[in-house]
Amino acid sequence: MIAGETAEADALLAAFEAKAGDKVGEVKLRRALVALAAGEFDQVKEHGNASGLPAGALLAAEVHLSDAESDEAIRLLNKAAEGGGEVAATAKQYLSMLESGDQYKAGLAEA
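With my numbering as the guide, the letters of the sequence shown map in order to residues 49 to 159.
I should point out that these hints are in silico values taken from the structure, not numbers from a laboratory.
Note that CB positions come from ideal geometry on N, CA and C, so glycine has one too.
One or more hints might be untrue.
Unchecked claim - As a list, the in silico DSS-like pairs of lysine-lysine whose alpha-carbon atoms are at most 30 Å apart: (1) Lys140 - Lys127; (2) Lys127 - Lys71; (3) Lys153 - Lys127; (4) Lys67 - Lys153; (5) Lys71 - Lys153; (6) Lys153 - Lys140.
As the list claims (entries may be wrong) - Label pairs and their in silico Cβ distance ranges: (7) Glu130 - Lys153: 27 to 37 Å; (8) Arg123 - Gly149: 39 to 49 Å; (9) Gly100 - Asp150: 17 to 27 Å; (10) Ala55 - Asn126: 28 to 38 Å; (11) Gln151 - Ala62: 34 to 44 Å; (12) Lys67 - Gln151: 45 to 55 Å; (13) Ala85 - Ala63: 45 to 55 Å; (14) Asp70 - Gly133: 38 to 48 Å; (15) Met145 - Ala85: 36 to 46 Å; (16) Val72 - Ala137: 17 to 27 Å; (17) Asn126 - Asp90: 32 to 42 Å; (18) Ser144 - Glu53: 12 to 22 Å.
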C-alpha cells in the first residue's frame, strides 16, 4: 500500500486491473485487502467475491458474517473450502461451526 493512502492504492490497482488479463483475480484480491485496510467493507465483499480466488471468497464471507448474512457467507465459505492450505482449513472451520446446529458455535463464527 502507498504509505497508508488507501484511495490512491485502490486507484492504481483499478487502473492496472483493466490490463491484468489472467491476473485480474489477484488484482481484485489486492483491492479487497486495500478496502479492508480502509474500512470499506462493502468493497471487501465486492472485490473478494469478484476475485474468483479462495482467499477472496474467505475475506468476503467474513464480512458477510459480520453483517449477519450467514446464507451468503456459507455460499462463499463452500467456495473457499474447495481450495487448499490454510484458506480452505479456515473456511471448513467456519462451516463446521455454522452448520453444527449449535447456536453458540454459530454465534462464535459470526462474531
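**Message:** For each hint given before, does the structure comply? Return the numbers of the non-compliant ones in rising order.
**Reply:** Per hint list: 4, 5, 7, 8, 9, 13, 14, 15, 17, 18 violated.
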